[in-house]
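In case you want the letters, here they are:
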Amino acid sequence: MTAYLFLIIGAVLVNNIVLVQILGLCPFMGVSKKLETAFGMSVATTFVLTLATGSCFIIDHYLLLPFGFEYLRTLAFIVTIAAVVQLTEMVIARTSPVLQQTLGIYLPLITTNCAVLGVPLINISHRHDFVESLLFGMASAIGFSLVLLLFAGIRERVEAADVPRPFKGSAITMITAGLMSLAFMGFAGLNR
Amino acid sequence: MEILVAISVMALGALVLGSAIGYAAIRFKVEGDPVVEKINAILPQTQCGQCSYPGCKPYAEAIARGEAEINLCPPGGDEGVHQLSELLGREYKPLAEESQTEKKASVALIDEADCIGCTLCIQACPVDAILGAAKQMHTVIIPLCTGCELCIAPCPVDCIAMKPLPETPENWEWPYPQIDKSPDAATHAPMPTAAADIQ
Amino acid sequence: MSKKKLFSFLGGIKLAHRKEYSSEKAIAPLPMPKKLILPLRQSAGSLPAPIVQVGEKVNKGQCLAAAEGWISASLHAPTSGTIRDIGDYPIAHPSGLVAPCIVIEADGEDAWGERQPLLEHADSERLDPETVQRYLQSMGVVGMGGAVFPSHVKLSKAPGVPLETLIVNGAECEPFITCDDRLMRERAAEIVSGIIFLAELLEAKESVVAIEDNKPEAAAAMRAALAARLEATANHIRVVVIPAVYPAGSLKQLIYTLTGKRAPAGVLPPQLGVQCFNTATVYAIWQAVARGEPVISRIVTVTGNVGRPGNLEVPLGASVADVLQYAEARPESDGCLVGGPMMGFLLPDYDAPIGKGANCLIARSPQFFPHKAPESPCIRCTNCAQACPQGLLPYEMYWWSRARDFAKAERHNLQECIECGCCSYVCPSSIPLVQYFRFAKDALRTAATKKEMADQARERFEFRQFRAEREKTERTQKLAQAAKQQSAKLAAENANAAPAEDLDETRKQALIAAAIERVAGERAKVGCDEGANATEAALAPNHGNSA
Chain A
1 MTAYLFLIIG
11 AVLVNNIVLV
21 QILGLCPFMG
31 VSKKLETAFG
41 MSVATTFVLT
51 LATGSCFIID
61 HYLLLPFGFE
71 YLRTLAFIVT
81 IAAVVQLTEM
91 VIARTSPVLQ
101 QTLGIYLPLI
111 TTNCAVLGVP
121 LINISHRHDF
131 VESLLFGMAS
141 AIGFSLVLLL
151 FAGIRERVEA
161 ADVPRPFKGS
171 AITMITAGLM
181 SLAFMGFAGL
191 NR
Chain B
1001 MEILVAISVM
1011 ALGALVLGSA
1021 IGYAAIRFKV
1031 EGDPVVEKIN
1041 AILPQTQCGQ
1051 CSYPGCKPYA
1061 EAIARGEAEI
1071 NLCPPGGDEG
1081 VHQLSELLGR
1091 EYKPLAEESQ
1101 TEKKASVALI
1111 DEADCIGCTL
1121 CIQACPVDAI
1131 LGAAKQMHTV
1141 IIPLCTGCEL
1151 CIAPCPVDCI
1161 AMKPLPETPE
1171 NWEWPYPQID
1181 KSPDAATHAP
1191 MPTAAADIQ
Chain C
2001 MSKKKLFSFL
2011 GGIKLAHRKE
2021 YSSEKAIAPL
2031 PMPKKLILPL
2041 RQSAGSLPAP
2051 IVQVGEKVNK
2061 GQCLAAAEGW
2071 ISASLHAPTS
2081 GTIRDIGDYP
2091 IAHPSGLVAP
2101 CIVIEADGED
2111 AWGERQPLLE
2121 HADSERLDPE
2131 TVQRYLQSMG
2141 VVGMGGAVFP
2151 SHVKLSKAPG
2161 VPLETLIVNG
2171 AECEPFITCD
2181 DRLMRERAAE
2191 IVSGIIFLAE
2201 LLEAKESVVA
2211 IEDNKPEAAA
2221 AMRAALAARL
2231 EATANHIRVV
2241 VIPAVYPAGS
2251 LKQLIYTLTG
2261 KRAPAGVLPP
2271 QLGVQCFNTA
2281 TVYAIWQAVA
2291 RGEPVISRIV
2301 TVTGNVGRPG
2311 NLEVPLGASV
2321 ADVLQYAEAR
2331 PESDGCLVGG
2341 PMMGFLLPDY
2351 DAPIGKGANC
2361 LIARSPQFFP
2371 HKAPESPCIR
2381 CTNCAQACPQ
2391 GLLPYEMYWW
2401 SRARDFAKAE
2411 RHNLQECIEC
2421 GCCSYVCPSS
2431 IPLVQYFRFA
2441 KDALRTAATK
2451 KEMADQARER
2461 FEFRQFRAER
2471 EKTERTQKLA
2481 QAAKQQSAKL
2491 AAENANAAPA
2501 EDLDETRKQA
2511 LIAAAIERVA
2521 GERAKVGCDE
2531 GANATEAALA
2541 PNHGNSA
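Chains as they are written, first to last, in this note's numbering: chain A, 1 to 192; chain B, 1001 to 1199; chain C, 2001 to 2547.
Bound-form chain A, shown alone (with noise of 0.2 Å):
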């Protein structure tokens, strides 16, 4: 049990994904504008990733090493991938028309999230079993939600500030990141 939490808190906050790890840092700066979206987007990415990280170790264990495919890993992730993503989209189409309009271009772009393809291979590369690669999918993608969520509400209230006119914009937003990457580091030390 214990293991189960370490692993949780080591993907959540230790190695977090986007701040530690610089995975999917397109939709960290791309839809970190406003709350809304981004707690949209952390939503989508928590389903499609928790979904894409159980699939990927079913089509690895069962379909791939089986035959010994192990170099067809990535494509087959990615296809796999991107049939969840389509389902997800669907599904949010349905429920949420506001939520995908909003969402735009980023729900499709969670294809090639590389921290959605990335999770998965760390998962194997980890040698984690079916229940360890879920738990650090969604523990990832929770990491990814906290950190999106977090930084959406530091730039929504930097948005209102007097930021000096060439820091306008992506560069406050840059600098904002690294003080939140740097901060994030400090958990380091939770690992004795």
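Since the hints were derived computationally from the structure, they do not count as laboratory data. All clues given are correct.
The list that follows gives simulated cross-link-like pairs (lysine to aspartate or glutamate, EDC-like), each with its CA atoms no further than 20 Å apart:
1. C:K2450 with B:E1086
2. C:K2451 with B:E1173
3. A:K168 with B:E1091
4. B:K1057 with C:E2469
5. B:K1093 with C:D2405
6. B:K1104 with C:D2442
7. C:K2408 with A:E156
8. C:K2408 with A:D162
9. C:K2451 with B:E1086
10. C:K2450 with B:E1173
11. C:K2508 with C:E2474
12. C:K2441 with B:E1170
13. C:K2451 with B:E1167
14. C:K2450 with B:E1167
15. B:K1038 with C:D2455
16. B:K1038 with C:E2452
17. B:K1038 with C:E2459
18. C:K2408 with A:E159
19. C:K2451 with B:E1079
20. B:K1057 with B:E1086
21. C:K2450 with C:E2410
22. C:K2450 with B:E1037
23. C:K2450 with B:E1170
Assemble chains B and C onto chain A, guided by the hints.
Frame of chain A, contents of chains B and C only:
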């Protein structure tokens, strides 16, 4: 041999996933487009046609289909474009050049002396804000007028003019606070004193 | 009379009272000016409609404009004279804009017209509340504390909620102002009569006169006046001295101080079993019901940088300049505040008239109002949050108001702000917080109006399209019917049988009846008279064309 197995395994996987998606496409079919309503709610409903669409709803539909830019609505102003860009997650654009002139809120006013009672303006008004009958003088119901100017062109005697709405204590807004660097600079009318005027 | 515990509200600030300049000056009448300008807007709600003509002679107390709708109050002539003009003049408003006014030239006789006090004409001992409400509306009684909300509206009780506490607000918590203080000291008997009248009318279980502890003389005068009346004890009327913490006299804070009840947003005091009237309003109510005198003057404290500070009984419509001249305002003053120093505004035009809500004029000078340092950035010290009597976070509301992100400001309960000015007063960065909140509130209000208008326009546009569609189908139906009838007629003529024609006639009648019914049904569905009328009007030309 191994290549064939690999191809068939991948094909099988693709088939399974494809059929799942196909099923979802039927199961989660979206009927209508609820976004149109949300867009329409932001548009100012002047029905003026300055966006080149015949009314606000058609423009909203065009935006939802992705055919129209979000910056074609001068009555909605900059504020409206911002709201649309927020709703749709599209990049904000300043008002399109041909519709750049953001006008003061105004209403149509019929010069009742010149009106010949032709009813052309009544037929042009998209919100039924003009009252009158054939050969009778017409008048604009001011609170209902959206200021779309559609009644001006049809008038054969040019008796309709736009009149800006006056600023009254009721619709006046407190201004954005000025950062007052020198409070002494504020000029005031001289204090009325007993010596100043005894009438 | 039981001593009850007082509740102390969150926040609030202690201010220098500054009442000593005018508190010992007895109420004196302002000499009647030659010209009076009476803005129609003297109360919240809808404007009253003028019922006099230019050139007409009016008596003192004669009705000039009659209330329109329920939330509205009438306006009366403060003196006898001639109506000179009905038009736009600058009014006492921070915008300095003009508004419709009635101008009276005083004839100097100050002759009263006929007065009909309600209490003299009342048939029975117990008055019907609705009669009193209509009477007070026709007498133009509004809240004299500054909010100018029509008082008769406040006499309606919430259904099913008995009135536990009737509060008479004599707190007068803003610095400088002494008009209620003087009124209570000098005219306590009338105020007490008014309280008894209201308490009996509203069947209040108890009544409380709330007076801040910096006005012991007023409290003593009110206590003495209450002791002199037997009905006061019977109705459980008492004076309660409350601590002088600004804004103790603000409605929500006063209700909490006295009863411990908190009114959430959108809940009116009667729903909590509480109602609150200003002392000056109670006095005005009594003047109306007992003497038949409408509200035609009010007591105005004039203070600050003036030679003769005092409390003047000013006829409505006298200009601020008249009052300032009488009080010998010093020429070096830099502006005049209407209302108190915390919530009042700087008057843009001295010719603006005194209205029913103007309780105080303060000639401004650096001696009384030292210049504040220029605004500097917010340091998030949270002094404002500690001072806010409404428990809001002014620094957050400021942050979003300043960035014009009004939705977020509203999410921090901007609309709960009572604009008391505590936050601006304590701000170490001299940020005019209240100004930002007023700016944001007005922007939100404008946006709401625009939205409402857009919704209305959309509805009308969609109805117009629906109507065009309906007309088209109706026309085609009519044509088809006419063709059918034509062929039927031809067939009948061919048969040349009289009974068949009769049958045709009855069928036609039935068709017409059905059509009328259908149209009536559709009218009912549309539901609004306005739409139906406009439809009729717009239909007319089409009939003309088709004819």
